[in-house]
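Each residue of the sequence shown is one higher than the one before, starting from 121 at the first, in the working numbering.
Hints may contain errors.
Just the calculated beta-carbon pair ranges, DEER-fashion [said to hold, decoys possible]:
| # | residue 1 | residue 2 | range |
| --- | --- | --- | --- |
| 1 | Asp296 | Pro209 | 27 to 33 Å |
| 2 | Gly255 | Leu123 | 31 to 37 Å |
| 3 | Ala177 | Asp226 | 19 to 25 Å |
| 4 | Pro243 | Ala194 | 22 to 28 Å |
| 5 | Leu123 | Ser178 | 34 to 40 Å |
| 6 | Pro204 | Gly269 | 32 to 38 Å |
| 7 | Arg192 | Ile353 | 32 to 38 Å |
| 8 | Ala177 | Gln346 | 25 to 31 Å |
| 9 | Pro242 | Arg339 | 32 to 38 Å |
DSS-like mimics (lysine-lysine), calculated; alpha carbons at most 27 Å apart, straight line [said to hold, decoys possible]:
| # | residue 1 | residue 2 |
| --- | --- | --- |
| 10 | Lys207 | Lys234 |
| 11 | Lys328 | Lys234 |
| 12 | Lys237 | Lys207 |
| 13 | Lys343 | Lys297 |
| 14 | Lys237 | Lys297 |
The set of hints was computed from the structure by calculation and includes no laboratory data.
Bear in mind the structure is a predicted one, so any value in this text is a computation, not a measurement.
Even glycine gets a Cβ: it sits at the ideal position worked out from N, Cα and C.
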Amino acid sequence: MNLAIELTSATVERSGWRVVQDVDLTVSSGSWFGLIGANGSGKTSLLRALAGRLPFASGSCRVTGEELVDDRAARALRFGFSPPADKLPDALRGRDVLELVGGSIDDVRSRLGKLDKALGLPPLLNSWIGDCSAGMRQRIAVAAAFAGGHPLVVLDEPFNWLDPVAIFDLREALRDKVDSGLTLITALHDLGTLASACDTGLMLADGKVALVLDEDMLRAAAKDPQAFERQTINRLRSGSTAHF
């Protein structure tokens, strides 16, 4: 198995508190890894640390075989990362945001491929961020993660604020990117996407690993999504680390 990411005993602290504790996970190259958990479970902190936006307090973080736990700058260069949609500067246009990340807008759109249409980007390129709705900002923020052409991409709840058609189109385009070799890590609240689109995943509870979701488990989930949803919701309610 060719590993793109390997975390061992990874710990993240914020304001002196351990918000992620001793997390072990592996992500294979060219796969879609889904991270789920209740609000406050540590998902965002873990993804921000992985992508170099936060430091790791301890543990190991190997990216394509290289130990980078103490090198935030190197991690930031390895990953495409979606900025918070609500933090995009009002005084910029959509194209300005994408060009800041990836240079020429023509090059950016070429890298996006099917995501360009799935995200409905053409009419957003000349729109001022301050005039954009939450959903429009989200489309631009997701596109920014791919603007630089990184082979590793981290998205934190990319389907927030999108309508059902946009969610469907984005999910299909992301799966196509993964099937073409992209390694994708996403925090999700959408259990349907986790069951139908992700290859492997992890559930966090109180900053700790509550459940490892392997390929067999997610294949079974895709066959019986209602049972998977019921079991997962029960686990999320309890925050339990017991096995299904």
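Taking only the CA atoms, is the gap from Lys207 to Lys234 under or equal to 27 Å?
holds (25 Å)
A range of 27 to 33 Å was offered for this pair. Does it hold for the Cβ distance of Asp296 and Pro209?
Once the Cβ atoms are compared, 30 Å apart, the range 27 to 33 Å for Pro209 and Asp296 holds.
Is the distance from the Cβ of Pro243 to the Cβ of Ala194 consistent with 22 to 28 Å?
Given range 22 to 28 Å: violated, Cβ gap about 37 Å.
Holds or violated: the 31 to 37 Å window for the beta-carbon distance between Gly255 and Leu123?
holds (35 Å)
Status of the given 32 to 38 Å range, CB of Gly269 versus CB of Pro204:
Cβ of Pro204 to Cβ of Gly269: about 22 Å, so the range 32 to 38 Å is violated.
Would you say the C-beta atoms of Leu123 and Ser178 sit inside 34 to 40 Å of each other?
violated (20 Å)
Assuming the hint says 19 to 25 Å, is it satisfied by the Cβ distance from Ala177 to Asp226 or not?
violated (42 Å)
Take a look at whether the Cβ-Cβ distance between Ala177 and Gln346 falls inside 25 to 31 Å.
Distance hint for Ala177, Gln346 is violated at roughly 39 Å.
Hint consistency between Lys237 and Lys207 [alpha-carbon to alpha-carbon, up to 27 Å]
holds (24 Å)
Are the Cα atoms of Lys237 and Lys297 separated by 27 Å or less?
holds (13 Å)
Verify the CB-CB distance for Pro242 and Arg339 against the hinted window 32 to 38 Å.
The hinted range 32 to 38 Å holds for Pro242 and Arg339, with Cβ atoms some 37 Å apart.
Just to be careful, I want the Cα atoms of Lys328 and Lys234 compared with a cutoff of 27 Å; is the pair within it?
Cα-Cα ~36 Å, so violated.
Violation of the numbered hints given earlier is confined to hints 3, 4, 5, 6, 8 and 11; the remaining hints are satisfied by the structure.
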